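Based on the sequences and whatever the hints tell you, model everything.
Sequence lines, in order, name chains W and F.
Using this note's numbering, read the first sequence as starting at 1 and increasing by one per residue.
Using this note's numbering, read the second sequence as starting at 1001 and increasing by one per residue.
Everything labelled a hint here was simulated from the structure, so no lab data went into it.
All values reported here derive from a predicted model rather than from experimental measurement.
It is possible that some hints are incorrect.
Said to hold, decoys possible - The calculated lysine-lysine pairs, modelled on DSSO-like cross-linking and capped at a C-alpha distance of 27 angstroms, are:
(1) W:Lys250 <-> W:Lys215
(2) F:Lys1161 <-> F:Lys1128
(3) F:Lys1161 <-> F:Lys1026
(4) F:Lys1138 <-> W:Lys150
(5) W:Lys215 <-> W:Lys194
(6) F:Lys1083 <-> F:Lys1262
(7) F:Lys1069 <-> F:Lys1262
(8) W:Lys158 <-> W:Lys108
(9) F:Lys1083 <-> F:Lys1161
(10) F:Lys1138 <-> W:Lys194
(11) F:Lys1138 <-> W:Lys215
(12) W:Lys250 <-> F:Lys1026
(13) F:Lys1262 <-> F:Lys1138
(14) W:Lys215 <-> F:Lys1026
(15) F:Lys1069 <-> F:Lys1128
Claimed, not checked - If you want the ones that stay clear, here's a sample from chain F, every Cβ over 12 angstroms from chain W, calculated:
(16) Thr1019
(17) Lys1026
(18) Glu1029
(19) Tyr1049
(20) Pro1053
(21) Arg1123
(22) Lys1138
(23) Thr1200
(24) Pro1254
(25) Leu1256
Glycine included, C-beta positions come from ideal geometry on N, C-alpha and C.
What follows is the residue order along each chain.
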Amino acid sequence: MSQEQRSDSLDRREFLKTAAVAAGVASLGNTSAAQAADTAPSGLIDTNINLSHWPLRRLPCDDTAALAAKLRNSGVTQAWAGSFDGLLYRDIATVNSRLADECRRHGKGLLVPFGSVNPKFPDWEDDLRRCAEEHRMPGIRLHPGYHGYKLDDPDFAKLLRLATERGLVVQLVLVMEDRRMMHPLLQVEPPDIKPLADVVRKTPGLRLVLLNALKSLLGQPLLTLLQAGEVCVEISMLEGVGGVASLLEKVPLNRVLFGSHAPLFYFESALLKLKESPLTEDQLRAIRCDNARRLLAKRS
Amino acid sequence: MNFEIWDVHTHISGVPGTTPEARMAKLLEYADRMGIARLCVFMGMTWNYDPTPEFMRRSNDEVLQAVRKFPDRAFGFVYLNPKHTQASLDELNRCIRDGPMVGVKLWCAVHCNDPLLDPIVARAAELKAPVTQHCWIKITGNLPGESTPMDLADLAARHPKATLICAHCGGDWELGLRAIRPHPNIYADINGGDPTAGFTEMAVRELGAERVLYGSDAGGRSFASQLAKVFGAEIPDAAKRLIFVENLKQLLRPILSEKGVKV
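Here's what the structure looks like:
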């Protein structure tokens, strides 16, 4: 194909058309976003966003109203929201009630709260109870790196068991940012993942979603985990050209979810990954929404 | 609104294929999916932090093979090791003065404020070739010869007429952008790190959009995550156009013009 014949530009109209069909998102357009999102066949579920403020800098879209608007304009139909405050705050009960309130006030069905629980805090079981009973959350989000426990800790295993008994999805965050560029006073080691497969095997019925995992968890360790139980991963930290297609050569399609890590990451990163890889309609639909929807629907 | 896109930072490593040409073709398949018109490519199928003259030559031969197959899509940068000064100058002349390459790539062999770089940067400036220098600030510790943006600032002060590109902006971009800010001959290549929101906004605010370049670091990185740094940034479309294509065209126009290439 000659240079004249080939389009040398990312034509916005073409991109919006492709994104709407392929990803249900049209955030890159100034005028056609709503139109393009309307053409998305079955929505887009972002399983990895956070509300409130990243502790180390202000971010674009780090107020809930702005983030919700951004997600809606991008075609997101549901977003599973944790809170940045859940990383470091000690009074985690107020973090979770504020999260639930923000989701209610700004979400209008878009934002789904996933509360933080730290199994090393005294009486953490009541935080879990409040997430399930008071806030009616469908799941919780865990930060072992920031909360300082290992994955072979008996309290962690107990938390997974109790969350599963309550029918909660458990999201386990491996990292929040690249270790190489962490603040010198906030260097958080990612948890050693090796004990996790055994814990998963010992927790029947557990539905586990690994967030921000695919930067470091690849190859056989990832496959071992996925084989241990109902474990899913999302694509926010997946890298490499054609990364999603490469992932699907190794990982079952029904274990891959859409996740953006917004607003810490530009939302468009995850969206464009769906465009970069040549994926079938079935693959796109599964990653975009069906897998996440199925996971939540299994709530007992 | 159309955005033409040129990528200032790609590799043929991390891409499937058994030959440089095959890898370049594959990389371009992905570039086509993302609407990227042209790629600057450097370093070969395998990498070495501290290459011998023989390794440099082999690496550059592989890039020459790749770009010669796709002359309307790919620009080559010559990979050099300042520790081997004369060999680097010879290689620079072979690949840029006498060949199709249009820029220089320096990686991790020596810190870039070392005087060993002076003859190389001076020769690159004579040939109107920009110099891309890998720069990182790692709290986990840099490699022994791995440069920081502060090192590059030293080099820029010694060579105000050279065009320097700060690849990765130090990774820790909030510090890296500050380090290069006083030196107008350093351009910020925003590639390679995570697509952390606010990066591009700060680069535009502190340097001006005219000093910011889009790059991806593909194939190790996805085009997607790096394009998102521009598409997702809260900056005007005019700034995005500068970052995606106009600034790089401006940088390369003199050397391309001498080679008879129209942009």
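For each hint, the structure was consulted:
Restraint check for Lys250 of chain W and Lys215 of chain W: satisfied, since their Cα atoms lie roughly 15 angstroms apart, inside the 27 angstroms limit. Restraint check for Lys1161 of chain F and Lys1128 of chain F: satisfied, since their Cα atoms lie roughly 10 angstroms apart, inside the 27 angstroms limit. Between Lys1161 of chain F and Lys1026 of chain F the CA atoms are separated by roughly 37 angstroms; this puts the pair beyond 27 angstroms, and the hint is violated. Our distance criterion of 27 angstroms between C-alpha atoms is met by Lys1138 of chain F and Lys150 of chain W, whose separation comes to about 25 angstroms.
Using a Cα cut-off of 27 angstroms, the hinted pair Lys215 of chain W and Lys194 of chain W holds, with the two alpha carbons roughly 16 angstroms apart. Simply put, Lys1083 of chain F and Lys1262 of chain F have alpha-carbon atoms about 35 angstroms apart, too far for the 27 angstroms limit, and the pair is violated. Annotation: proposed proximity of Lys1069 of chain F to Lys1262 of chain F holds, straight-line Cα distance about 18 angstroms (limit 27 angstroms). Between Lys158 of chain W and Lys108 of chain W the alpha-carbon distance is near 33 angstroms, which puts this suggested pair outside the 27 angstroms criterion.
Between the alpha carbons of Lys1083 of chain F and Lys1161 of chain F the distance comes to roughly 23 angstroms, so the proposed pair stays at or under 27 angstroms and holds. A threshold of 27 angstroms between alpha carbons decides the hint, and for Lys1138 of chain F with Lys194 of chain W the separation of about 26 angstroms falls inside it, so the pair holds. Distance hint between Lys1138 of chain F and Lys215 of chain W is fulfilled; the C-alpha atoms sit about 17 angstroms from each other, no more than 27 angstroms. For the proposed pair Lys250 of chain W and Lys1026 of chain F, the alpha carbon gap of about 20 angstroms is at most 27 angstroms, so the pair holds.
Note on Lys1262 of chain F and Lys1138 of chain F: the hinted pairing is violated, with a Cα-Cα distance of about 40 angstroms set against a maximum of 27 angstroms. Restraint check for Lys215 of chain W and Lys1026 of chain F: satisfied, since their Cα atoms lie roughly 23 angstroms apart, inside the 27 angstroms limit. Simply put, Lys1069 of chain F and Lys1128 of chain F have alpha-carbon atoms about 24 angstroms apart, close enough for the 27 angstroms limit, and the pair holds. Distance check for Thr1019 of chain F against chain W: the nearest CB is about 17 angstroms away, which clears 12 angstroms, and the non-interface claim stands.
At roughly 8 angstroms, the least C-beta separation between Lys1026 of chain F and chain W is not larger than 12 angstroms, which violates its mark as non-interface. Taking the minimum C-beta to C-beta distance to chain W, about 8 angstroms, the non-interface status of Glu1029 of chain F is violated against the 12 angstroms cut. No beta-carbon of chain W comes within 12 angstroms of the beta-carbon of Tyr1049 of chain F; the shortest separation is about 16 angstroms. In this structure Pro1053 of chain F is separated from chain W by more than 12 angstroms, as the shortest Cβ-Cβ distance comes to about 30 angstroms.
Interface exclusion of Arg1123 of chain F from chain W stands, the closest Cβ pair being 31 angstroms apart, more than 12 angstroms. Chain W draws Lys1138 of chain F into its interface by the beta-carbon criterion, the shortest separation being 4 angstroms against a cut-off of 12 angstroms. Taking the minimum C-beta to C-beta distance to chain W, about 8 angstroms, the non-interface status of Thr1200 of chain F is violated against the 12 angstroms cut. Distance check on Pro1254 of chain F: its Cβ is at least 21 angstroms (rounded) from any Cβ of chain W, clearing the 12 angstroms threshold; non-interface status holds.
Remark: the non-interface label on Leu1256 of chain F is consistent with the geometry, its nearest Cβ contact in chain W lying 15 angstroms away (cut-off 12 angstroms).
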